[in-house]
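Take the given structure of chain W and dock chain Z to it, following the hints.
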Amino acid sequence: MTQLWIISGYLALLLMLGLFAGRLFRGTTKDYMLASHSIGPFLLLMSLFGTTMTAFALVGSTGQAFKSGIGVYGMLASSSGIIHSLCFFVLGIRLWNLGRTHGYTTQIQFFRDRLESDRFGLLLFPVLVGLVIPYLLIGVMASGSVINGITQGRVVEGQVVDPTFSEGTFPSFLEQGTQGFAVDGSKGGLPRQLASLVICSVVLIYVFLGGMRGTAWANAFQTIVFMILGVVTFFVIAGKLGGQDSLLANLQSIAQHVPQEKLTRAGLSKLLFASYLLVPLSVGMFPHLFQHWLTARSASSFKLPVVLHPVFIMIVWVPCVLIGIWATSDLIQIPPSVRANPNVILPFMVKRLAGPVLGGFLSAGILAAIMSSLDSQFLCLGTMFTEDIAVHYGGKDQFTDRQVVLMARCFIVVIVALTYFFSLFDPRGVFTLGVWCFSGFASLFPLIFAAIYWKRLTKAGAYASVLAAIGTWGYLFYQSGYAAIEPFTVHFDLGGATYHVMPVMIMFLSSLAAMVIVSLFTHPPSDETLQKFFPDPPTSS
Amino acid sequence: MSRIIFVLVLLLIILHQDNWFWTDSQLVFGFMPIGLFYHACLSVSAALVWWLAVCIAWPKLDGPNLSKGATGPEQESPLPSAATQSGRHA
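In order, the protein sequence lines correspond to chains W and Z.
Quick note on this note's numbering: the first sequence kicks off at 832 and runs consecutively.
Quick note on this note's numbering: the second sequence kicks off at 178 and runs consecutively.
Chain W extracted, bound-state conformation (with noise of 0.2 angstroms):
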C-alpha cells in the first residue's frame, strides 16, 4: 500500500503542476497547441527526451535485455543516440524554421503546401492517427501493467500471498481475468485496467489545462525525475543483488552470475541487427515531436538538444539493460509469470530488491518516462483533428480562437477515451508493438526528407510513397500475426544462406523507390512552390 500511496502523491503532484500551467494559458490557439513558440533549450531537451523514451525504453529495454541480451542496446539505444540527433539537426530546424515562416502547426498543413494538394492531407491524416495510437496504446498498457506489477501479491502454490487488495475488492472480472479482456487478473494488486483508467485520466487533465506548455512542463519535470530515479533504482538493485561491500564489487559479483549468452549478440543475426538501424528514422515522422520542434522559441534551442540527447540515452538505458541481464542470473527467482511477460521484468526487480518506500518512488519513475509521451501524443492528435479537419473544411474564418481551443479539447477527450477503450483487450509486448509502431513511421522518412530537400519531389510521388509504406506495412503485419509473432523478420536466401533483416527494412526501400521513380515521371512541382520552399540560399554579410 505505501507504494500505491508514493504514486498517488506523485499524480497530485502532476495535477498541480498541469493546473498552474493552465493558469498561465494565454487562451489562444497558438499558446495551447505550441506554447506561443516560448520553448528555450533547457526546456525544449527535456521535453524532447522525455517525449522520444517512453515505455519502450525502460520496460521494454529491461524485458528485451532479460530475454535476448545485451543486443537491445546497439539495435535501439546507440543507433538513436546517432539517428535522433541526425533528425533533428537536418530536419527539426529546418521544419521549425519553415513553420515559423508559413505558420504551421501540424506535419499536414506542411505538407499541403510543400505539395500543393489539398487531397493529400486525407491520405496522410489517418495513417499518422493510425499509428500514433499504437504506440498509446504501448504507454497506456505498460503503466497499467507497472501499477499492478508494484501492487500484487506473492503467487505461491496457486494462492496469492500479501496482497494490496484482498479479495472481492474489486469484481471478480478484473481480479480473476477473463478471455479476451483483462486476461491476466490483477493477483492482489490494483487491477491494470484500473490503473491504466488512473494515468489516463491524470495525463488528460493536465494537457487539457495546459496544454503544449503544460506538457512541456510536466515533461521537463518528469524527464528529471525518471533520469534520477532510474539512476538511483539502478544503484538500489546492484547493491541487493550483489550483497558486496562497495558498488563496483556489486557489479562485479553480480556479473558473474549472468548466463554467457546474456553477455554477448551471440544469437542475433548481423545483418538484422543493421536492419534495425533504420527504426530510430521514425522519429523524423512522429507528429507530436513536429509539434514539439515547433514549440523552439529559437534555432538556437535546437543546439542542446542535438548534443545531449545521445548521453541522456546511455544515462537511461544502460542500467536498464544491466538490470534486465541480472535477472536472468541465479540470484534471482523470477516466476513463471514474470517470466512470461517481460513487461513487468523491471517492476518486478523493483518491488522484490528495492524495499516498498523506494519502490514506491522508483514505480513513480517509470511511470514518469510512460506519460511524458502520453501526454504529448494525445496533444498531437488533438491538435491536428483541430487543424487539419475540423478547422481545415470548416472554414478558418468561421471559429474563434477560444471555440477553436475547445474543440481541440474536445478531441483529446475522445482519443484517450478511445485508447484506454483499445488497451483493456489482450496486450502484446511492448517492445514487439513499438517496433511495428516506429518501423511505420521510419517508412515514412523519405518523404519528408524529401520535402525539405529534394525539389523534385512531387504529388504523386509522395503519394506512392505514402501507399508503398502502409502497403507493405499492412501485408507485413498480417503476415506477423498482427504482432503475434515475436521476433518477426522477413527472410530471403542468396548463395545457399538465409538472411535476416526487419521488416522496416522492406517498408524503407518500397517507400523510397516509389517516392523516387513516380517523382522523376510525373509533373514537378509550380516555380512559386519551388521558390516558397527552396528560396535562394541566404548571402552571408
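All clues given are correct.
In silico DSS-like pairs for lysine-lysine, Cα to Cα no more than 30 angstroms straight-line:
{"hint": "1", "chain 1": "Z", "residue 1": "Lys-237", "chain 2": "W", "residue 2": "Lys-1363"}
{"hint": "2", "chain 1": "W", "residue 1": "Lys-898", "chain 2": "W", "residue 2": "Lys-1101"}
{"hint": "3", "chain 1": "W", "residue 1": "Lys-1227", "chain 2": "W", "residue 2": "Lys-1290"}
{"hint": "4", "chain 1": "W", "residue 1": "Lys-898", "chain 2": "W", "residue 2": "Lys-1071"}
{"hint": "5", "chain 1": "Z", "residue 1": "Lys-237", "chain 2": "W", "residue 2": "Lys-1286"}
{"hint": "6", "chain 1": "W", "residue 1": "Lys-1290", "chain 2": "W", "residue 2": "Lys-1363"}
{"hint": "7", "chain 1": "W", "residue 1": "Lys-1227", "chain 2": "W", "residue 2": "Lys-1363"}
{"hint": "8", "chain 1": "W", "residue 1": "Lys-1290", "chain 2": "Z", "residue 2": "Lys-237"}
{"hint": "9", "chain 1": "W", "residue 1": "Lys-1286", "chain 2": "W", "residue 2": "Lys-1363"}
Here are some, though not all, of the chain Z residues that point toward chain W, as calculated from beta-carbon distances under 7 angstroms:
{"hint": "10", "residue": "Leu-189"}
{"hint": "11", "residue": "Gln-194"}
{"hint": "12", "residue": "Thr-200"}
{"hint": "13", "residue": "Leu-204"}
{"hint": "14", "residue": "Gly-212"}
{"hint": "15", "residue": "Leu-219"}
{"hint": "16", "residue": "Trp-227"}
{"hint": "17", "residue": "Leu-238"}
Please keep in mind that the hints were generated in silico from the structure rather than gathered at the bench.
Don't be surprised by glycine CBs; every beta carbon is placed ideally from N, CA and C.
For chain Z alone, kept in the frame of chain W given last:
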C-alpha cells in the same frame, strides 16, 4: 551539413555494426559486457560529433531573421489582448 560532419556521422553508422565484439563475453571493469560498453562509448562519441556539428556546421536558415531571435511572423504579445481573445482563428 558540412563534409566533415557527414563523414563523421557515416563513420558512426559504420562503427555501429561492431561485428568484432559479436560473441565476445569479456567484462570491462569486471562487470560491463564489452558489447554494451562499446555501444555506450558510441553514444558518447555521437554526442561529441553532434557538438562539433553545432559548432562548425550550424545551418543557415532561409526564414526572416529567425536564426537568432524569437521574432517569428506570428510572434504573440506576452498577454492575450481582447482582440485576440475574441478574434477569428487565423
